[in-house]
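Colleague: Chains as they are written, first to last, in our numbering: chain A, 1 to 425; chain B, 1 to 425.
Hints were generated in silico from the structure; no laboratory data involved. Some hints could be false.
Selected chain B positions facing chain A (Cβ under 10 Å, derived; list incomplete) [stated by the list, open to error]:
1) Gln72
2) Ala98
3) Met115
4) Asp144
5) Asn229
6) Asp230
7) Ala238
8) Gln279
Ideal placement from N, C-alpha and C gives every residue a C-beta, glycine not left out.
Letter by letter, the chains look like this.
Protein chains: 2
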Amino acid sequence: MATTSSRRQLGRSVSIVGAGMSGFGAFADKDSRDLFVEAFQDLLDHLDQGMDIEDIECAYVGNYSSDLFEHQGHTAPIIADWLGMTPIPVTRIENACASSGSALREGIMAIASGMYDIVLVGGMEKMTNLPTEGVTDVLATAADALYEVPTGLTFPGIFGAIAKAHMDRYETNLDHLLKVAIKNHVNGSKNPKAQFNVTIRNLMERRVTRAEQRGQPVPDYNSEMDFLNDPGANPWIAWPLRLYDCAPITDGAACVLLVASDIAHNFTDKPVTIAGTGQASGRPLHDADELTSLSAARTAAARAYEMAGVTADDIQVAEVHDCFTIAEIVASEDLGFFEPGEGARALDEGRTALDGDKPINTSGGLKAKGHPVGASGVAQVAEIFHQLRGEAGERQVDNPDLEVGLTHNVGGTGGTCVVNILRKG
Amino acid sequence: MATTSSRRQLGRSVSIVGAGMSGFGAFADKDSRDLFVEAFQDLLDHLDQGMDIEDIECAYVGNYSSDLFEHQGHTAPIIADWLGMTPIPVTRIENACASSGSALREGIMAIASGMYDIVLVGGMEKMTNLPTEGVTDVLATAADALYEVPTGLTFPGIFGAIAKAHMDRYETNLDHLLKVAIKNHVNGSKNPKAQFNVTIRNLMERRVTRAEQRGQPVPDYNSEMDFLNDPGANPWIAWPLRLYDCAPITDGAACVLLVASDIAHNFTDKPVTIAGTGQASGRPLHDADELTSLSAARTAAARAYEMAGVTADDIQVAEVHDCFTIAEIVASEDLGFFEPGEGARALDEGRTALDGDKPINTSGGLKAKGHPVGASGVAQVAEIFHQLRGEAGERQVDNPDLEVGLTHNVGGTGGTCVVNILRKG
Numbered sequence: 001m002a003t004t005s006s007r008r009q010l011g012r013s014v015s016i017v018g019a020g021m022s023g024f025g026a027f028a029d030k031d032s033r034d035l036f037v038e039a040f041q042d043l044l045d046h047l048d049q050g051m052d053i054e055d056i057e058c059a060y061v062g063n064y065s066s067d068l069f070e071h072q073g074h075t076a077p078i079i080a081d082w083l084g085m086t087p088i089p090v091t092r093i094e095n096a097c098a099s100s101g102s103a104l105r106e107g108i109m110a111i112a113s114g115m116y117d118i119v120l121v122g123g124m125e126k127m128t129n130l131p132t133e134g135v136t137d138v139l140a141t142a143a144d145a146l147y148e149v150p151t152g153l154t155f156p157g158i159f160g161a162i163a164k165a166h167m168d169r170y171e172t173n174l175d176h177l178l179k180v181a182i183k184n185h186v187n188g189s190k191n192p193k194a195q196f197n198v199t200i201r202n203l204m205e206r207r208v209t210r211a212e213q214r215g216q217p218v219p220d221y222n223s224e225m226d227f228l229n230d231p232g233a234n235p236w237i238a239w240p241l242r243l244y245d246c247a248p249i250t251d252g253a254a255c256v257l258l259v260a261s262d263i264a265h266n267f268t269d270k271p272v273t274i275a276g277t278g279q280a281s282g283r284p285l286h287d288a289d290e291l292t293s294l295s296a297a298r299t300a301a302a303r304a305y306e307m308a309g310v311t312a313d314d315i316q317v318a319e320v321h322d323c324f325t326i327a328e329i330v331a332s333e334d335l336g337f338f339e340p341g342e343g344a345r346a347l348d349e350g351r352t353a354l355d356g357d358k359p360i361n362t363s364g365g366l367k368a369k370g371h372p373v374g375a376s377g378v379a380q381v382a383e384i385f386h387q388l389r390g391e392a393g394e395r396q397v398d399n400p401d402l403e404v405g406l407t408h409n410v411g412g413t414g415g416t417c418v419v420n421i422l423r424k425g
Numbered sequence: 001m002a003t004t005s006s007r008r009q010l011g012r013s014v015s016i017v018g019a020g021m022s023g024f025g026a027f028a029d030k031d032s033r034d035l036f037v038e039a040f041q042d043l044l045d046h047l048d049q050g051m052d053i054e055d056i057e058c059a060y061v062g063n064y065s066s067d068l069f070e071h072q073g074h075t076a077p078i079i080a081d082w083l084g085m086t087p088i089p090v091t092r093i094e095n096a097c098a099s100s101g102s103a104l105r106e107g108i109m110a111i112a113s114g115m116y117d118i119v120l121v122g123g124m125e126k127m128t129n130l131p132t133e134g135v136t137d138v139l140a141t142a143a144d145a146l147y148e149v150p151t152g153l154t155f156p157g158i159f160g161a162i163a164k165a166h167m168d169r170y171e172t173n174l175d176h177l178l179k180v181a182i183k184n185h186v187n188g189s190k191n192p193k194a195q196f197n198v199t200i201r202n203l204m205e206r207r208v209t210r211a212e213q214r215g216q217p218v219p220d221y222n223s224e225m226d227f228l229n230d231p232g233a234n235p236w237i238a239w240p241l242r243l244y245d246c247a248p249i250t251d252g253a254a255c256v257l258l259v260a261s262d263i264a265h266n267f268t269d270k271p272v273t274i275a276g277t278g279q280a281s282g283r284p285l286h287d288a289d290e291l292t293s294l295s296a297a298r299t300a301a302a303r304a305y306e307m308a309g310v311t312a313d314d315i316q317v318a319e320v321h322d323c324f325t326i327a328e329i330v331a332s333e334d335l336g337f338f339e340p341g342e343g344a345r346a347l348d349e350g351r352t353a354l355d356g357d358k359p360i361n362t363s364g365g366l367k368a369k370g371h372p373v374g375a376s377g378v379a380q381v382a383e384i385f386h387q388l389r390g391e392a393g394e395r396q397v398d399n400p401d402l403e404v405g406l407t408h409n410v411g412g413t414g415g416t417c418v419v420n421i422l423r424k425g
């Protein structure tokens with residue numbers, strides 16, 4: 001039987017030449033198709049050189065559950081229609097919150113296969129039309145409906161258990177979780193597309209001001225930590241996770257334009273190349289070997305690093321899947337940025353801040369940028385694309401040698417994990 | 001800008017070396033994951049040479065709406081777990097009833113891209129746990145939830161409108177619709193896996209016998225046509241479609257094993273090669289240019305023919321998407337087997353029967369074999385695989401030169417269409 005580890009290389013190199021995002025937030029007047037169109041328009045508006053939409057040969061749509069959110073299945077041809085791209089082949093990819101991370105891989109392989117040269121990959125989710133408990137119910141379908149959901153566990157509870165296990169095993173504590181939120185809101189405050197384009201400090205000040213204006217007792221906060229430790233401001237959701245440990249419920253879409261690298265310069269002088277890609281599956285949480293790490297993330301990362309010929313040390317900027325604050329800490333360890341249990345210390349040392357040596361979630365992450373689940377994987381890729389091109393504005397990583405970035409996109413509790421490594425040039 | 005029509009060739013040739021199906025029917029004690037395992041076990045049981053499951057590097061799962069049928073999203077990693085394949089990358093593909101037709105294409109491109117050599121592609125749907133009206137509601141989400149569903153149209157109504165338009169425009173009549181059902185049940189009666197492993201004549205005889213046994217008035221049927229014209233036996237669903245014009249509600253799964261052609265002989269001496277593949281999107285029916293043809297089917301077929309270097313005349317056996325009887329007639333025209341409007345005459349002449357010159361739906365089609373929507377695309381491919389290898393048993397096409405077959409898989413009302421062309425060897 002043939003073995004294949006040596007095969008994991010693309011037959012043709014693939015580059016990203018454009019990226020777009022809708023606004024991320026709560027948009028009562030927009031369906032997921034409207035958001036996708038908005039993201040695509042943003043992509044077109046920022047293409048370095050114009051293009052004819054008719055040159056796009058194939059598209060992928062990452063979407064988690066328009067079925068349950070909008071009672072709309074078979075979304076791919078609707079997107080094609082709304083973008084004016086009918087009759088190109090369009091396919092929906094669903095791997096829970098890693099849907100568009102997986103969609104990107106399908107786009108990459110479609111080009112590498114020789115079938116297409118120019119492929120649009122996007123993702124979208126419309127979530128805010130359901131009440132919070134409805135969203136929680138929809139998200140719970142990403143866990144195992146036979147073995148997990150009936151126990152009453154929902155995702156805050158599952159990641160609460162992961163946080164508790166991490167705190168028991170390592171020196172991670174409640175403050176570390178909050179530090180992830182503070183950091184990501186600082187980054188989000190520099191991202192005009194972010195759902196929470198605001199720091200935690202700003203939110204704290206607003207709360208004080210509002211109390212003063214209303215003649216209510218004024219909270220005595222000396223720092224963001226005081227604010228985040230006030231259960232009135234930051235209530236418990238599923239111990240040890242509080243409101244500000246959770247990514248919000250978001251409407252949004254994002255897309256990128258992939259082309260065969262040999263024609264990338266027809267589109268831009270600053271392409272970004274897919275250096276490596278890895279995807280792995282993990283067993284459902286009730287069968288997982290441990291709670292403090294997602295095995296699929298480790299496997300996906302190993303494959304991506306191998307393909308790109310780099311190690312964790314070579315990654316200069318990363319977008320990781322911080323659906324909950326603990327998830328960012330676990331990701332930073334699973335990706336090999338830090339040793340197991342050392343993610344919290346890295347936070348204390350500011351290493352993952354925008355000016356640290358390993359900036360993570362410069363976009364604000366899912367926490368502050370927002371988490372329209374089917375869009376998040378491609379939105380991460382869009383952020384790294386902008387960072388490597390030096391066009392991330394106020395949140396640009398200040399490193400003239402910035403060359404290699406990574407995205408880490410998780411579905412469920414690690415049932416799916418996708419890691420992509422991008423390289424400038 | 002690069003043009004690409006010359007590009008539509010795979011970087012590496014891809015072959016099918018195994019196929020499996022679960023039983024198709026109503027299985028109250030089985031979930032979709034159980035059915036997928038059953039299909040995979042069938043594949044393994046019939047592989048010409050044994051294999052190590054660990055050699056499978058990647059998998060795709062076509063599934064329409066486990067979300068709404070089973071309140072389970074993110075099914076791909078669950079399937080990997082149940083097959084013992086964790087941590088390989090597994091991705092769900094959703095394009096309504098063309099989900100696994102599209103999944104097959106992703107598997108083909110994954111191999112052609114150079115990333116993988118051995119890929120499992122399957123599809124599944126568990127439908128019978130909902131009452132018929134619930135199933136109709138789920139299927140309606142494959143139409144446009146904003147512009148079509150609110151009109152009250154469901155799929156029988158939509159295909160009823162297509163049938164009416166075809167009858168108005170051409171010489172197609174009610175009898176032609178029924179002839180599709182009669183033919184496909186004859187084929188299904190020769191397929192042990194079919195949900196309706198029985199001819200319409202058998203069903204007619206059963207009805208007579210039952211009436212006799214119960215002392216009820218015995219219907220005076222001289223032919224299957226009399227039976228099918230009896231509204232007591234074959235009630236109207238959505239004029240001009242009756243019960244026997246509709247594919248049934250089915251639980252089932254199917255899968256195929258794809259490998260790089262250069263290693264196919266490690267698995268079998270009788271591989272079947274992917275000669276061509278085409279997929280296209282179509283605008284929603286409310287925006288379609290005509291009702292008597294699905295534009296996506298014509299486009300997908302043209303691409304598949306071009307890639308395979310064959311014409312419609314070269315196709316010796318085909319599985320087409322007969323979700324309703326009229327859909328088979330339309331498909332036979334869209335694929336170029338017959339001129340527009342000539343599909344009905346071809347039926348009259350028996351050309352699409354098992355012993356005709358253009359046998360269609362030798363498996364029994366969706367009509368008699370059953371239509372677990374996410375599985376149907378791959379189940380069609382499995383049938384052509386068996387036909388080309390001469391292992392289709394009683395329903396084997398009697399043609400010693402059988403070499404080229406085709407599958408035609410439709411999502412919604414042609415929002416998606418996938419055409420695959422397979423070649424022996």
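Colleague: All hints, please: hold or fail.
Modeller: Comparing the hints with the structure gives:
| no. | hint | result |
| --- | --- | --- |
| 1 | Gln72 | holds, 4 Å |
| 2 | Ala98 | holds, 9 Å |
| 3 | Met115 | holds, 6 Å |
| 4 | Asp144 | holds, 6 Å |
| 5 | Asn229 | violated, 34 Å |
| 6 | Asp230 | violated, 35 Å |
| 7 | Ala238 | violated, 20 Å |
| 8 | Gln279 | holds, 4 Å |
Hints 5, 6 and 7, counting from the list given before, are not met by this structure.
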